[in-house]
Structure formats: C-alpha cells, structure tokens
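J.: Chain Y is fixed; fit chain P onto it per the hints.
Line by line, the protein sequences give chains Y and P. Heads up: the first sequence runs through residues 1 to 119, numbered per full-length UniProt numbering. Heads up: the second sequence runs through residues 1 to 232, numbered per full-length UniProt numbering.
No wet-lab data here; the hints were simulated from the structure. For glycine and all other residues, C-beta sits at the position ideal for the given N, C-alpha and C. Be careful, since some hints might not be right.
Partial selection, computed: residues in chain Y whose CB lies under 7 Å from chain P [what the hints assert, rightly or not]:
(1) 3
(2) 5
(3) 6
(4) 8
(5) 9
(6) 44
(7) 45
(8) 47
Just the calculated beta-carbon pair ranges, DEER-fashion [unchecked claim]:
(9) P:201 with Y:28: 50 to 58 Å
(10) P:25 with Y:16: 28 to 36 Å
(11) Y:20 with P:119: 37 to 45 Å
(12) Y:85 with P:52: 52 to 60 Å
(13) P:13 with Y:2: 38 to 46 Å
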Amino acid sequence: MDFDARIPIYFQIIEKIKKEIILGKLQRGEKLPSVRSMASELKVNVNTMQRVYQELEREGITFTQRGTGSFVTEDNGMIQKIKDDMAQGLIKSFVEGMKELGFDREGIIENVNEYIEEA
Amino acid sequence: MELLKVENVTKKYITKKALENMNMTIEEGKIYGLLGPNGSGKTTLMKMIAGLIQPSSGKIEIMEKKIGKESKQMVSYMPTSNHLPKWMKIEQCIGYYDDYFEDFDREKAKELIDFMGLKENLKVGALSTGMLGRLKLSLVLSRNAKLYVLDEPLNGIDPISREKIMQTILNACQEENTVIISSHLVKELETILDEVIFLEKGNVVLSGNAENFRIEKGMSMDELYREVYKDA
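Chain Y with its partners taken away, still in its complex shape:
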C-alpha cells in the first residue's frame, strides 16, 4: 500500500479497511488478521496498526471477542452508515471544488448529468 506521508498513516489504513467492508472484500462478521500480521503485510509499525484497530472498534465498525480477535460488525445499518459517510465525504469535496470554480446548484447538477450520460 502506498501512503501519503502528509496524512496520518493510521487514518489511511482505516479508510482502506472501510472500503473493503463496503465492497464486501471483508464480510460481515469476518475475523480480521492479527494486528501484527496486518502491520507486517502493510509494512507499518505495530503501534500504528494498534491505533487502527482501536479506532475501528471505537467507531463500532469492528468488535473484539476476548482472546479470539477483532471481527467486522454484523450490523447492516453500520455498514450502510460507513458507505453513506464515505459518499458524503466525496460529495463534499466535489461540490466545494465546483463552487470554487464558480458553478451554482444547477450548473453542478447539469455537469454531473452530462458526465454520467457520456460515461
């Protein structure tokens, strides 16, 4: 995995894991690899990976079962929420960018429609 060294590494790994959950590469209820093996695979520090797992659990994206490891949430609502949050993030940066270029509401929608039809 290539990282942008300006952005916290743990943050980028969280985003990657969220994407894998949305795309179903990581299934509901699936066990995540251990912190150590995940750190080794992504070639990052174990403490960074620890932070990733703590944060995922704090956000309710994963849960820990004592002694057995971390698992992806089984809550469909949660998975939908991750997807919605990520979509909101993309839309926000897109709309802000378009507004900077001087497009109003109609202009933005028109452009999006045109783009989708052509693609």
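T.: Relative to the frame of chain Y, chain P by itself:
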C-alpha cells in the same frame, strides 16, 4: 513505560562540544527516529547509550540503571562502520557473536541471514556495501536485547536491501523492546517510525509522535525535517 533517560548530558571533545545539556526519555515498545544533519550529535549519543563513550557531565540511565556492564547487556548497537573482520566467513561471524553475547539467538541469526539473501560461506571482505549492511543488521537484531540502537542502517544501501532491512526492523520491534534508528533519509522511514527526535548542535530541537505531527501540521516527517533545518 520509560526505558531510557538522558539527563543534562554534555559531551566535550578537545575542540568542540558534541552534546550540550541534552535531555530526553525513550519509552518501551516504540520505534524512534533520531534525526538531524551530520554533526548534530546522533552518533555521539548512540555510542553513549551503547556504553562505548562516557558523558563529560550528566547521566544516562536504562531501566533506572546507569550505563555500565548491566546496561550493555540490554543494548544491541549497530555502528556505522564495519566492525567485522574481513577474513571472517559469515558463519564465523555468527559464532563470534554467539560467543560474545549471552542473549544471542543462533537460530534467529541463521534465519535472518537467509531471509537477507546471504550465504554463510561468504567472507566479510567479499561482501558489497548492501550485503554488509544486511549482515550487520542480522547479527545485531539476533540478540534478544531490550533496546536496539541502529546508527544509519540505510546509509549507502541499495533500494532492495533497504526494503528488507526495514521489514526486519519492523519485525524486531515487539511490545517489550525498543528501536532507535538514526538517519537523515527520513522519507524511507516515514511509515515505520512511532516517534521522531530532531537534533541540532548537540541538543533536541523538536520531538514527538509522528502521527500527531501529521495531524497537527499536515506535514510528512520529511517535510517537517526540512522545516526544522531550513536555517541550519
């Protein structure tokens, strides 16, 4: 938990001061980057932690013990220069380390040397810079030490060797031990460092958690390095 404490340490050589009233603490279970340009005091500090030279004043403690015979057993130090005799074969280097250090793990050394793509029947004198770097690191990391002190492990090393070296350092750092790496190649170390310590003219100018610096400053450690030394 606190592993190493440097308190008001000064080191004077005849014509100059290498360290001046330096203070720092190092915690267990983390990877530290000791960063700074040549002459900032990195090597002097590392040699002191390894017990090879003495401070002119101030004190250094490892697990609350002053640097000495006991602390030396907890520290595995890799110098920048080659400390292995040229005539030795790699297998003899393993034997040499095994005789010299009680905490040396022969099996681990053989595994690491194999992982590093080295053959035990090669002579030290016949190794390229990259191979020698890989050998030195394999030996140093095969000791079951509390603290690994690595002076410029990436300097003069080709990209392929670098990757293997980084991976080995990452695997070596467990919860109960600590790694200090000196370097001016910050870019290479970005993803593996927990903490960064910037030295300038024998003192700490800035230190902290790498991820927190990224959050606060929106900068990579490489950019932060340039910022810290822009007037140097």
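J.: Going through the earlier hints one by one, which of them does the structure break, listed in rising order?
T.: none
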